[in-house]
Amino acid sequence: GENVEQHPSTLSVQEGDSAVIKCTYSDSASNYFPWYKQELGKGPQLIIDIRSNVGEKKDQRIAVTLNKTAKHFSLHITETQPEDSAVYFCAASNNDMRFGAGTRLTVKP
Amino acid sequence: DAGITQSPRHKVTETGTPVTLRCHQTENHRYMYWYRQDPGHGLRLIHYSYGVKDTDKGEVSDGYSVSRSKTEDFLLTLESATSSQTSVYFCAIGAPQETQYFGPGTRLLVL
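One line per chain: the protein sequences are A and B, in this order. Residue 49 is where the first sequence starts when you use my numbering, and the numbers rise one by one after that. Residue 18 is where the second sequence starts when you use my numbering, and the numbers rise one by one after that.
If you are wondering where the hints come from, they were derived from the structure by calculation, not from laboratory data. Be aware that one or more of the hints could be misleading.
Derived pair list, reagent style DSBU-like, types lysine-lysine, alpha-carbon separation capped at 35 Å [stated by the list, open to error]:
#	chain 1	residue 1	chain 2	residue 2
1	A	Lys85	A	Lys116
2	A	Lys106	A	Lys70
3	A	Lys116	B	Lys74
4	A	Lys85	B	Lys74
5	B	Lys70	A	Lys90
6	A	Lys70	B	Lys70
7	B	Lys70	A	Lys105
8	A	Lys90	A	Lys105
9	B	Lys87	A	Lys70
10	B	Lys74	A	Lys105
11	A	Lys105	A	Lys156
12	A	Lys116	A	Lys106
13	A	Lys85	B	Lys87
14	B	Lys70	A	Lys85
15	B	Lys28	A	Lys106
16	B	Lys87	A	Lys106
In silico negatives: residues of chain B with every beta carbon more than 10 Å from chain A [unchecked claim]:
#	residue
17	Ile21
18	His58
19	Leu60
20	Arg61
21	Ser82
22	Arg85
23	Asp90
24	Thr99
25	Gln117
Even glycine gets a Cβ: it sits at the ideal position worked out from N, Cα and C.
Let the hints inform the model, and build the full structure from the sequences given.
Take a look at the structure:
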């Protein structure tokens, strides 16, 4: 089955800096790659997703890139703000959705 | 939380007792999922349902059973709770290879 590795497990940046979180997957048949943000005490919420026929997708300060050959995808957050502090999860889906272990992002004011 | 509620939100129970968690959705979605979330493991699929009375096992199904008698309700039962089942449990809805929407979670402590 699919295996998703996520790095780093923790990330601390200064407000205004960029943050990058990277994930690798094992199943070449996976074709849907969402990213979720989870705030304390809440369920994960989708922030951006990408499909295997697209290499990059942007939504304001958030972008995701996908390299199908290397089987890795990344989340980029620019101009970070304190409210970006949360745990971020990547996932890869063929039929089952498998999640990475999560990255705790802290944005220092 | 996309019209998904979970009950209870918090529960403390003792080893060996049965526990049932409820997920209720108002989206009339065919697919529903139960995940557990543990530090260092992300979210792992326990069971899922693809319709009324249609369910299948996920990655970590041992010790858990599910039932779906109505479209809107998906129940997760821990047949005999163990300390290793202390976790946060999330329900989700969404088709395969599509966005999944999560409920607010149930925090379970097994003593």
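Here is what the structure says about each hint:
{"no.": "1", "hint": "A/Lys85 <-> A/Lys116", "result": "holds (23 Å)"}
{"no.": "2", "hint": "A/Lys106 <-> A/Lys70", "result": "holds (16 Å)"}
{"no.": "3", "hint": "A/Lys116 <-> B/Lys74", "result": "holds (29 Å)"}
{"no.": "4", "hint": "A/Lys85 <-> B/Lys74", "result": "holds (26 Å)"}
{"no.": "5", "hint": "B/Lys70 <-> A/Lys90", "result": "holds (29 Å)"}
{"no.": "6", "hint": "A/Lys70 <-> B/Lys70", "result": "violated (38 Å)"}
{"no.": "7", "hint": "B/Lys70 <-> A/Lys105", "result": "violated (38 Å)"}
{"no.": "8", "hint": "A/Lys90 <-> A/Lys105", "result": "holds (26 Å)"}
{"no.": "9", "hint": "B/Lys87 <-> A/Lys70", "result": "violated (39 Å)"}
{"no.": "10", "hint": "B/Lys74 <-> A/Lys105", "result": "holds (33 Å)"}
{"no.": "11", "hint": "A/Lys105 <-> A/Lys156", "result": "holds (26 Å)"}
{"no.": "12", "hint": "A/Lys116 <-> A/Lys106", "result": "holds (18 Å)"}
{"no.": "13", "hint": "A/Lys85 <-> B/Lys87", "result": "holds (30 Å)"}
{"no.": "14", "hint": "B/Lys70 <-> A/Lys85", "result": "holds (32 Å)"}
{"no.": "15", "hint": "B/Lys28 <-> A/Lys106", "result": "violated (40 Å)"}
{"no.": "16", "hint": "B/Lys87 <-> A/Lys106", "result": "violated (39 Å)"}
{"no.": "17", "hint": "Ile21", "result": "violated (8 Å)"}
{"no.": "18", "hint": "His58", "result": "violated (6 Å)"}
{"no.": "19", "hint": "Leu60", "result": "violated (4 Å)"}
{"no.": "20", "hint": "Arg61", "result": "violated (8 Å)"}
{"no.": "21", "hint": "Ser82", "result": "holds (19 Å)"}
{"no.": "22", "hint": "Arg85", "result": "holds (18 Å)"}
{"no.": "23", "hint": "Asp90", "result": "holds (18 Å)"}
{"no.": "24", "hint": "Thr99", "result": "holds (23 Å)"}
{"no.": "25", "hint": "Gln117", "result": "violated (6 Å)"}
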